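Two chains, two separate frames, one set of hints: put the complex together.
As you go down the protein sequences, you meet chains A and B in turn.
Sequential numbering from 0 applies to the first sequence in numbering that gives the first Met the number 0.
Sequential numbering from 0 applies to the second sequence in numbering that gives the first Met the number 0.
Honestly, the hints are just simulated from the structure, not real lab data.
A portion of the hints provided could be inaccurate.
As the list claims (entries may be wrong) - DSSO-like mimics (lysine-lysine), calculated; alpha carbons at most 30 Å apart, straight line:
| id | chain 1 | residue 1 | chain 2 | residue 2 |
| --- | --- | --- | --- | --- |
| 1 | A | 156 | B | 114 |
| 2 | A | 59 | A | 198 |
| 3 | A | 21 | B | 114 |
| 4 | A | 17 | A | 29 |
| 5 | B | 44 | A | 17 |
| 6 | A | 18 | B | 44 |
| 7 | B | 120 | A | 21 |
| 8 | B | 44 | A | 2 |
| 9 | B | 11 | A | 17 |
| 10 | A | 18 | B | 114 |
As the list claims (entries may be wrong) - Sample of chain B residues at the chain A side, in silico, Cβ under 10 Å:
| id | residue |
| --- | --- |
| 11 | 1 |
| 12 | 16 |
| 13 | 27 |
| 14 | 30 |
| 15 | 60 |
| 16 | 63 |
| 17 | 73 |
| 18 | 109 |
| 19 | 114 |
| 20 | 115 |
Stated by the list, open to error - Over 10 Å on every C-beta distance to chain B, these chain A residues come out as not near it, computed from the model:
| id | residue |
| --- | --- |
| 21 | 2 |
| 22 | 15 |
| 23 | 22 |
| 24 | 26 |
| 25 | 29 |
| 26 | 59 |
| 27 | 74 |
| 28 | 95 |
| 29 | 103 |
| 30 | 127 |
| 31 | 134 |
| 32 | 167 |
| 33 | 173 |
| 34 | 197 |
| 35 | 215 |
These figures come from a predicted structure and were not determined experimentally.
Even glycine gets a Cβ: it sits at the ideal position worked out from N, Cα and C.
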Amino acid sequence: MHKIAEIEIQHDIMVANKKLAKRNQRILDKSDVFAVDVLGAIGSGKTSLIETLIEKMDYKIGVIAGDVISRFDAGRFENHNVPVVGLNTGKECHLDAHLVEHAFGDLPLDDMELLFIENVGNLICPVDFDLGSHIRMVVISVSEGDDTVEKHPLIFKDADIVVINKVDIAEAVGADENKMVNDVLILNPDVVVIKSSLKTGEGIDEIIGNIENFMKE
Amino acid sequence: MHELSMADAIVKTAIEVAEKNDAQQITEVTIEIGELTLLNPEQLKFMVGVLSENTLLEEAEIIIEAIPIQINCKSCNYEGPVPSDDLDHFVPIVNCPECEGQDLEITKGRECNVKTIKIEKEDEDA
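Bound-form chain B, shown alone (with noise of 0.2 Å):
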């Protein structure tokens, strides 16, 4: 279940964020999760969930982008994207779509990104 530590660490991230920008609650969370992370996205949803209860983050939306595979190929030298089937969990074989090789460099879709935070906070203009 490494999803619990990656969202502990989401939601000390957003909620560091927070208190520094002096915020009432978050409202929204937008988490980009890369397809070849071993994290399921529903999991962590709950995850985070789960441990923003009673917290800033207690009402927020949680938000799930996935972030598509980038590969250099070391045979054919294909650099790009490399499609995805759609599997409700994200461990796919990765082959280049080029040459079918597998001597590959990852080079997008390992990341877990908090992205941005939506938060509400007084308005001290009013």
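Chain A on its own, in the form it takes in the complex (with noise of 0.2 Å):
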């Protein structure tokens, strides 16, 4: 004989992620590091954002790079002699907070005081997978159209700091970045959105501004 029960399970997948989340931050807290995680579309310009802020910014910075496959953009951070790991994903478009965590273990979080982990390039899929980060700063640019922002909300909602990059071929590609600023500032009024290009240097100085007052709060 057989019988058939009903088991109430009520476990939040996301909820699990967001404990790992929070596990990493303490983590993360008790080295006193400070995380950023980048996310934004391929292409947008996130692993040389990154790798002018490790030339520009005056800390003892470590690099978390997610990649699909290949370790193209860890090889690229290795050669600005900061500690890296480069995490691959296989055939996931995320990172997740159990990958993070793992990468931990090869840090060097000790003798760090700021962490760039940049995200796999992808709009949709990272949102809702929180790392650990202690801001998120998604990376855009004119060269996706200047409608990328009302195509993709949801990652703008939860972003702490926007940067709209490549503006100087914003004419030459046919795109107007105020909208694209106009539209992340509808969608979430307390963001801090900056127009960047790393061809003309233009913006920099304010994201490395803004990042350190994150960092003071």
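What follows is the structure in structure tokens.
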């Protein structure tokens, strides 16, 4: 004889990741490391921006580089002589708190002040996964089209800093960078929005200043 | 394809609970998905099915229930549900239904919850 039983589980998979994320933040806080989750589309300039920040910011910096496959980005950061852990997500399109916790084991957290976590290039999947970072910085560029913000609203809701990158080529690609700034502010009036160009250096000091402001909070 | 990692976590959760309860098989799993998660229910269902092969979950019916969006509006203090349009995948832009504002806190609709399972087990009293 068999009997059928209904079992109440109520296990929220999102909450499970959030718990791990909180634990990650406690680990970071214990070592006094401020972490920035850097999100954005493929080709928006995340890697180049982090490289620029490593060169310009006067802190002991480490990087977690998320890639679907390969150590391409991790290799770029290593050229700047900072500790780097490359995380391959395989078929996955985002980092999660569990993967990031694993990476902590390979970083000299006690000898670091600032950690950049470069998420996988994607404006959708990473939104649902907190990593335990202190802030989220979303990087998009004018070359993705000036309707990018309207098309992917949720990623901007949770952002602390939004960088509209490559504004030097806005005219050439027919994009209105001010529209992108306004679209972000409609969705999230509290967020810091910065127009930048790694070619001309526009906005870089402002990005650094804002990260430092968050570090002081 | 973040449905894959979510499906993996769902399958593991369901099987773990089933094993703890000495189940011979799972006949039904009910999953709640918030309308604001960027998860496609059909893809999720498909992935759970693929990952269930040769497990206690193989024969189970997968039921997906949507959790409607709820907000607190920071502009007009509206608290409550937000009507979402009937899209085949969930990426609505949320406006406050009272003041049309977008400066709001989302209080519900971002869950991915394994709610219940139904299991079949030996009836010890038989």
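Verification of the hints:
1. Only pairs whose Cα atoms come within 30 Å are accepted, and residue 156 of chain A paired with residue 114 of chain B is accepted, the gap being roughly 27 Å.
2. Of the supplied pair hints, the one linking residue 59 of chain A and residue 198 of chain A holds, its CA atoms being roughly 25 Å apart against a limit of 30 Å.
3. With a C-alpha separation of about 23 Å, the suggested pairing of residue 21 of chain A with residue 114 of chain B holds against the 30 Å cut-off.
4. Our distance criterion of 30 Å between C-alpha atoms is met by residue 17 of chain A and residue 29 of chain A, whose separation comes to about 18 Å.
5. Between the alpha carbons of residue 44 of chain B and residue 17 of chain A the distance comes to roughly 23 Å, so the proposed pair stays at or under 30 Å and holds.
6. Proposed proximity of residue 18 of chain A and residue 44 of chain B is supported: the alpha carbons are some 25 Å apart, at most 30 Å.
7. Between residue 120 of chain B and residue 21 of chain A the CA atoms are separated by roughly 37 Å; this puts the pair beyond 30 Å, and the hint is violated.
8. Proximity of residue 44 of chain B to residue 2 of chain A is assessed by CA-CA distance (about 26 Å); at most 30 Å being required, the pair is judged to hold.
9. A threshold of 30 Å between alpha carbons decides the hint, and for residue 11 of chain B with residue 17 of chain A the separation of about 18 Å falls inside it, so the pair holds.
10. At roughly 18 Å between alpha-carbon atoms, residue 18 of chain A and residue 114 of chain B fall within 30 Å of each other, so this suggested pair holds.
11. For residue 1 of chain B, the interface hint holds, the least distance from its beta-carbon to any beta-carbon of chain A being 4 Å, beneath 10 Å.
12. Annotation: interface hint on residue 16 of chain B holds; nearest CB of chain A at approximately 5 Å, less than 10 Å.
13. Nearest Cβ of chain A to the Cβ of residue 27 of chain B: about 8 Å, under the 10 Å cut. The hint holds.
14. The beta carbon of residue 30 of chain B is positioned within 10 Å of a beta carbon in chain A (closest approach about 9 Å), and the interface hint is therefore held.
15. Hint status for residue 60 of chain B: violated, given a least beta-carbon distance of 13 Å to chain A, over 10 Å.
16. The closest approach between the C-beta of residue 63 of chain B and any C-beta of chain A is roughly 13 Å, which is over the 10 Å cut-off, so the hint fails.
17. A least Cβ separation of about 8 Å between residue 73 of chain B and chain A falls short of the 10 Å threshold, and the interface hint therefore holds.
18. Contact between residue 109 of chain B and chain A, as hinted, is supported at the beta carbon level, the nearest pair being about 6 Å apart and thus within 10 Å.
19. Interface hint status for residue 114 of chain B: upheld, as the beta-carbon distance to the closest one in chain A is roughly 6 Å, under 10 Å.
20. Taking 10 Å as the C-beta cut-off, the interface hint given for residue 115 of chain B holds, the closest approach to chain A being about 5 Å.
21. Against the 10 Å criterion, residue 2 of chain A falls within the reach of chain B, whose nearest CB is about 4 Å from its own CB.
22. Taking the minimum C-beta to C-beta distance to chain B, about 7 Å, the non-interface status of residue 15 of chain A is violated against the 10 Å cut.
23. The Cβ of residue 22 of chain A lies farther than 10 Å from every Cβ of chain B, with a closest approach of about 17 Å, so its non-interface assignment holds.
24. Every C-beta of chain B lies more than 10 Å from that of residue 26 of chain A, the closest at about 22 Å, which supports listing it as non-interface.
25. For residue 29 of chain A, the shortest C-beta to C-beta distance to chain B comes to about 27 Å, beyond the 10 Å cut-off, and the non-interface label holds.
26. Consistency note on residue 59 of chain A: stated as away from chain B, and its beta-carbon is indeed over 10 Å from all of that chain's, at 32 Å minimum.
27. The Cβ of residue 74 of chain A sits about 25 Å from the closest Cβ of chain B, beyond the 10 Å cut-off, so the non-interface label holds.
28. The beta carbon of residue 95 of chain A is not kept farther than 10 Å from every beta carbon of chain B, the shortest such distance being approximately 7 Å.
29. Every CB of chain B lies more than 10 Å from the CB of residue 103 of chain A, the least distance being 19 Å, so the non-interface label holds.
30. With a least beta-carbon separation of about 6 Å from chain B, residue 127 of chain A fails to lie farther than 10 Å from that chain, contradicting its non-interface assignment.
31. Even its closest Cβ contact with chain B, about 18 Å, leaves residue 134 of chain A beyond 10 Å, as expected for a residue assigned away from the interface.
32. At roughly 30 Å from the closest C-beta of chain B, the C-beta of residue 167 of chain A stays outside 10 Å, upholding its exclusion from the interface.
33. With a minimum CB-CB distance of about 24 Å to chain B, residue 173 of chain A clears the 10 Å threshold, and the non-interface call stands.
34. Its beta-carbon lying about 29 Å from the closest one in chain B, residue 197 of chain A satisfies the requirement of being farther than 10 Å from that chain.
35. Consistency note on residue 215 of chain A: stated as away from chain B, and its beta-carbon is indeed over 10 Å from all of that chain's, at 25 Å minimum.
Going down the numbered hints, you'll see the structure goes against 7, 15, 16, 21, 22, 28, 30, while the others check out.
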